[in-house]
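Keeping their order, the protein sequence lines are chains B and Y.
The first sequence begins at 1292 in our numbering and counts up by one.
The second sequence begins at 271 in our numbering and counts up by one.
Hint data in this document are derived by calculation from the structure and do not stem from the laboratory.
Just so we're clear, the structure is a prediction, and the values are computed from it rather than from any experiment.
Certain hints may be false.
Said to hold, decoys possible - Straight-line distance between alpha carbons at most 20 Å, and here's what the computed EDC-like set of lysine to aspartate or glutamate pairs gives: (1) Y:Lys283 to B:Glu1440; (2) Y:Lys283 to B:Glu1513; (3) B:Lys1425 to B:Glu1401; (4) B:Lys1452 to B:Asp1394; (5) B:Lys1452 to B:Glu1467; (6) B:Lys1335 to Y:Asp518; (7) B:Lys1425 to B:Glu1412; (8) B:Lys1425 to B:Glu1436; (9) B:Lys1452 to B:Glu1375.
Single-letter residue listing:
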Amino acid sequence: MTPPPPRVDRTPDLGAIPAPAANPAYAANPTIVADSVSKFFGQKVAVSSVSVSFGPGITGLLGPNGAGKTTLLRMLSGMLVPSEGSVTVLGRHPRRDPAVYRDVGLVPEESSIYPSMTGREYVEYAATLSGFTKPRLAASRALHEVALESDADRSLGGYSKGMRQRAKVAAALVHEPTVLLLDEPLNGTDPVQRAHLIAAFRRLADSGHTVIVSSHVLQEVERMASRVIAMVDGRLAAAGDIHAIRRAMSDIPYRVTVAAQPARPLARELMGEESVDGVTIDGTTLSIETNDLPALGTAVPLLAHQLGVRVTGFSPDDESLESVFRYLVVGR
Amino acid sequence: MTAAFAIMRVTAKNVLGMKRLIGFGILAVFPAGVFMLLARTATEIDRAEGFTTMSMTMFLAVIVPIITIVVSASVLGAERRGNTLSFLMLRPLSRFSIAGAKLISAIVASFAITGVGAAVLGFVGGLALHDFGYLTALLAATLIGTAGYSAVYMPLGYLTERSTLIGFVYIFIWELAIAGAISGLSGTSLLRITSSAYAGLAPSGLDIDVVDAMIGSLAPGAGGAAIKVIVLGALSILFTGWLLRTRDLT
Chain B
1292 MTPPPPRVDR TPDLGAIPAP AANPAYAANP TIVADSVSKF FGQKVAVSSV SVSFGPGITG
1352 LLGPNGAGKT TLLRMLSGML VPSEGSVTVL GRHPRRDPAV YRDVGLVPEE SSIYPSMTGR
1412 EYVEYAATLS GFTKPRLAAS RALHEVALES DADRSLGGYS KGMRQRAKVA AALVHEPTVL
1472 LLDEPLNGTD PVQRAHLIAA FRRLADSGHT VIVSSHVLQE VERMASRVIA MVDGRLAAAG
1532 DIHAIRRAMS DIPYRVTVAA QPARPLAREL MGEESVDGVT IDGTTLSIET NDLPALGTAV
1592 PLLAHQLGVR VTGFSPDDES LESVFRYLVV GR
Chain Y
271 MTAAFAIMRV TAKNVLGMKR LIGFGILAVF PAGVFMLLAR TATEIDRAEG FTTMSMTMFL
331 AVIVPIITIV VSASVLGAER RGNTLSFLML RPLSRFSIAG AKLISAIVAS FAITGVGAAV
391 LGFVGGLALH DFGYLTALLA ATLIGTAGYS AVYMPLGYLT ERSTLIGFVY IFIWELAIAG
451 AISGLSGTSL LRITSSAYAG LAPSGLDIDV VDAMIGSLAP GAGGAAIKVI VLGALSILFT
511 GWLLRTRDLT
């Protein structure tokens, strides 16, 4: 058995001055910039010197529990004051200039509802606080966006978790913000509601809004986000397009599953290939570790043809967000 | 509807739940009930003494502070502990205008209860003493006291969950014991300030010994008391606005 590779720490060396184009931690047209932000709670370091920026489109903010993603999101929104470093949203400091909240919406992870209000009153209150003179109209639009209109006149206290979540999203969308910060926005929602919300977030992203989604549900982030920021232990672990991140992990072999009949002769021949690090056989399934995915992709059909082996499947196991995330977090 | 008015409306509704309204409502009219029982058999002089005691040492000294402290400590404290602070704060509103709206909510919500208690006690006192000047004096003093305690306990309720406990310690240890024993501290006591306003506005039939004991070294007069409370309110808004601007909103 090969020992697990060491934890991958891909914290980019960003320096103090953002360099938008080259560094994957920086967006090309940033709307939110965090410059060397840290947050300490007493002796605990929740976020440590993170420099990152976000631009139009959906960015997934990933990390295990305690990674610091909620703390980072709260600093980006102005809820928390960074212990070190600074955050600007649309060029302004949210703590010094509340006017920036005309363009910012937040869906916090915690409940943040008034149970005695109806869904409509809640969203109308959000619209009024955001300066709308006709909050009812704006609230109806936002409630329609999250498919909550039919239940809008019920008390929030009687809502299911998924309905509360949608009410929070409606309250965050009601003033049509340019920047939308979402902390676990799909918590408690059923598959239909989830698909509906993801479609809404995508529409916003497609129309040029900046959407940041913090989530631990990797499959959903993968469906939504074109770019991911991964955090581990309060530090930036990786940033950029998910496939690019995986490709950058050259010290970790790819895993590929090949279905072949018969499997054993193909496995024996593959062991002689320079691109192959290891092969295990389970019936007609080969699990191959490779350091060169394209070379393996060429070798497998060639050898199969020479050996008369029928190959019925070839799938890289770990180009998914989940596997990349697993490498980043637990190093295997 | 403006944002500030919406904050006031929602806050007042949230802090005045039905249970709280009923419980505090009964507490607020309790001195009036006690005085009615007492006034049935008492002489005119005893009624005056009894009314002074009920209005100053029970209503203004204990009931108004208790109700106001609990209500005003929850106007921001409940938002913080109920996780709705981000909903309120991440809006294009000045932190000071939010603090101002919250303070007015605290005063209005508290006075909705204490004012009823003052009106009922002042009315029965006016009937017993044949002068409804007590009613207006008690209402005005109650408003001053309610505003003063709200100004102190709104920011304290935001800072700590123990604000109500601190408030009770303040009432029973500081106001009633220490500031009562040392007359030089009267100027720092919200109770003495409130009582001086009441003594300055009420007709002359109040029991002078009780009045002297309650106002300490302060001179009777509503003007000075009102100015002190207005200054306290302004400082409260500035301090709370500063807190909301500089501290973490969780």
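Q. Hey, Lys1452 (chain B) versus Asp1394 (chain B), does the alpha-carbon distance stay inside 20 Å?
A. 27 Å, violated
**Q.** Holds or violated: Lys283 (chain Y) to Glu1440 (chain B), with C-alpha atoms at most 20 Å apart
**A.** Violated. Lys283 (chain Y) to Glu1440 (chain B) sits at ~24 Å, over the 20 Å cutoff.
**Q.** Satisfaction of hint between Glu1436 (chain B) and Lys1425 (chain B), Cα-Cα up to 20 Å
**A.** OK: Lys1425 (chain B) and Glu1436 (chain B) at ~18 Å, within 20 Å.
Q.
Please verify whether Lys1335 (chain B) and Asp518 (chain Y) have alpha carbons no more than 20 Å apart.
A. 16 Å, holds
Q: For the pair supplied as a hint, Lys1452 (chain B) and Glu1467 (chain B), confirm whether the alpha-carbon distance does not exceed 20 Å.
A: Outside the cut-off at roughly 24 Å; violated.
Q. Hey, Lys283 (chain Y) versus Glu1513 (chain B), does the alpha-carbon distance stay inside 20 Å?
A. Outside the cut-off at roughly 43 Å; violated.
Q | Holds or violated: Lys1425 (chain B) to Glu1401 (chain B), with C-alpha atoms at most 20 Å apart | A | 28 Å, violated
Q: Quickly compare the C-alpha distance for Lys1452 (chain B) and Glu1375 (chain B) to 20 Å and report which way the hint goes.
A: Roughly 35 Å between the alpha carbons, so the hint for Lys1452 (chain B) and Glu1375 (chain B) is violated.
Q.
Against the 20 Å threshold, does the CA-CA distance of Lys1425 (chain B) and Glu1412 (chain B) hold or violate the hint?
A. Distance of about 13 Å is within 20 Å: holds.
Figure legend: structure checked against the earlier numbered hints; hints not met, in rising order: 1, 2, 3, 4, 5, 9.
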